[in-house]
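**Q** Assemble the complex: chain B is given as a structure, and chain V must be docked to it using the hints.
Just so you know, the sequences run in chain order B and V.
One point on numbering: in our numbering, the residue at position 295 of the first sequence is 330, and numbering is uninterrupted.
One point on numbering: in our numbering, the residue at position 204 of the second sequence is 306, and numbering is uninterrupted.
Hints are computed from structural coordinates only; laboratory data are not their basis.
Glycine included, each C-beta is placed from N, C-alpha and C at the ideal position.
Incorrect hints may have been included.
Unchecked claim - With beta-carbon atoms standing in for the labels, derived distance ranges: (1) B/D71 <-> V/N166: 37 to 45 Å; (2) B/K333 <-> V/L105: 53 to 61 Å; (3) B/K209 <-> V/A253: 53 to 61 Å.
Claimed, not checked - Take a look, some chain V residues computed to stay more than 12 Å from chain B by CB distance: (4) Q114; (5) E141; (6) F160; (7) G218.
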Amino acid sequence: MKTIRTRIAVAAVAIGMTAGFAGAAYADDAPGVTKDSIKIGLFAPISGPNKAYGFDPLNAAKMWYDKINAEGGVNGRKIDYVVEDTRCNANDLVAAVKKLVEQDHVFILNGGSCSSATVAAKDYVVRNNIPMVMLNASGDGALYPPVKQIYGAFSISQHAVGGSVVEFSVQHFKARKIGYINHDDAYGSWNIEAAKYMAKKDGATLDVQSVSPTISDVTAPMLKIKAANPDVLVLTTYARPAALIVKKAHELGFNKPIILAVTGTANLGQMAENVGGKAALQNFYTQEVLAGAPGSEKLQWVYDMYKKAYPKLAAQPDYPQPYMPYGLPPAMAVVRALKEAGQNPTRDKFLDALSHMKFDSKVMAGPIEFSPQDHAAQESTIYLKFDGKTSTLIPGVYTNAWHYGDK
Amino acid sequence: MSLDVVILFLEQGIVSGLVIGSIYALLALALVIIFKTSEVPNFAQGEFYMAGAYVALFLVVFENIPTVLALPVTLVVCFLGAALFQKFVLTRVWKAKGSPINLVIATLGLSYLLKGLVRNTGFGDSPRTFPSLVSTDSITIGQASLTYLDATIFCTAVAVMIALFLLFNFTQLGRALRALGMNPKAAQLVGINLSRMNMVVWGLSGAISAAAAILVAPKLLVSADMGHVVIMAFAAAIVGGFASLPGAVVGGFVIGIAENLVGLFVSSQAIAVAPFLAILIVLLIRPQGLLGGRVALKKV
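Excised from the complex, chain B in its bound form (with noise of 0.2 Å):
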């Protein structure tokens, strides 16, 4: 009987410690968070096939963060920053973001740039109440509908992709009737929802061609665009199918409007060349989401920050990487929510700052804004007439006017 009585008294002890100890884990809303110092966790992939993609936005986020621990941190504390490689890869983003939470217990989550990785952890930050704010991933599967931890879409959304760009067709080339080449994959049916909305908005039929990523041979859908005889020619496919689809434009002797989506200028110089040159590109414009044309006076700044912050990195040839300045303003979000959330910050007072932040970053097209029904920071693009060398800034941003739930 003794023996049952200590066994049990000894159970109760324990489930008493466990419970103690759980309730000091999760009483303050606030892990990572010290006297001096915010602990944020960032995550992006720095290697492998798809490094481009966020290795320099990654970069960016971290001078911006350096730059205001210079200045005296955040409401006095100093960001304290754990870096993760994702490698664009949805195991390897999740695992990561698991580590951050679970070992390094990170107070938020500042990270993402490939959007079908990044939409991986919705389920794991939702059910653990984590804010995650995406680095330069459009992530439109995690941001609509919106869920209260998960904010991003600081460079663009494709739904803003397709929405802004129809927009332009319509305000600068008076467009009637727009011919529109997206893939048949989660990208092109984000975008097209939204081009499909303003189009409706604005007066404008869409003749849609959706092909596959891998398309070897464009004849048909390009053909049949001409067929069409369109107004404009939009293209938001990736760089290997866009170069196929201009340059198949040339040889059928389509000459409208191409304007590609920024979902294909990774490498314009490179594209010039995979056309067969400026013959190709006569009436060729590309979508921009930055303030200005890339190395344009207005960003100079962003590319002077980053020759100080790594002399090293920017005397290589290629860097700094197009993408860059993407990771600047979620740095910059995270760093306003922060000192928003005062003295004794918690997750859910740095999710309240975010829900209605609204700022020009200087660095994109338009405003960095949030409401509690739209997550998706930036809505804005501007466009460029690129004639093989040279761009030409055309006057005028363009914003998409879609929101979630509009039809």
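**A** Coordinates of chain V only, in the frame set by chain B:
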């Protein structure tokens, strides 16, 4: 859709289908000659093709070696690469376990290895091109438009197919290779060196893939993922009859034309399913493939 448009779509679909189909046919030939001799579906065929394109790109664009020299060097490199893979990897894998499935896994391993190597060079990040040997100006046949490059791709691919036909039918080497495919033991008994012939088959397959890559790279671009086109070659080989060389050629053209006509008359989204639909129809109507001969029972 007006009659004019229907005729335009038909003409363009057939002309473009013949051009892209000639590449599928070459790759299908490369698959079939290996399958006929070793009964291994080579899952690294697409990466042989990709590696051929990158070798040519490296020599022509980065090393500025004259094209007339670079292209034969590419063919030789790919011939040797594939032959040595057979000699030093497949032979050992076969000896170690003796199961064909292990050979298939070895080809899968090679495909990942080649892709990884290209990505690690840094040249695999962006799709690239190298200069076309002929003009890319357009000509018209009826209402259909094609470039001189397209015409060159088609003619050269057909020339390679004819050369292979002559090799297999009118040379001693070709007869030895056919004997190897028909009955390896009997071939060995009459003095054919099986080990050498297997290397030649794999080397030939590598060189044919490289030829296809060199032809089409200025048109379709060079990228680390370009090997996915091998799915079309598998489809072509199945449609033609997996053990038939003429079947592979016919299958290539059927798949090329089918994907264009489906894209034009049905939907662009259906292009990706067209080859599989063709496989399904052929398997239902003629399971041995279009030129696969009679279905034979094998004694076990």
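**Q** Grab the minimum beta-carbon distance between V/F160 and chain B and tell me whether it stays above 12 Å.
**A** 16 Å, holds
**Q** The hint says 53 to 61 Å between B/K333 and V/L105; measuring C-beta to C-beta, is that right?
**A** 54 Å, holds
**Q** Assuming the hint says 53 to 61 Å, is it satisfied by the Cβ distance from B/K209 to V/A253 or not?
**A** 39 Å, violated
**Q** Just checking, V/G218 versus chain B, shortest CB gap more than 12 Å?
**A** 9 Å, violated
**Q** Quick check on a hinted range of 37 to 45 Å for B/D71 and V/N166, using CB atoms only.
**A** Because 58 Å falls outside the window, the suggested range is violated.
**Q** Minimum Cβ separation between V/E141 and chain B greater than 12 Å?
**A** 28 Å, holds
**Q** Does the claim that V/Q114 lies outside the interface with chain B hold up, using a Cβ gap greater than 12 Å?
**A** Nearest chain B Cβ is 6 Å from V/Q114, so the label is violated.
Checked against the numbered hints above, the structure breaks hints 1, 3, 4 and 7 and satisfies the rest.
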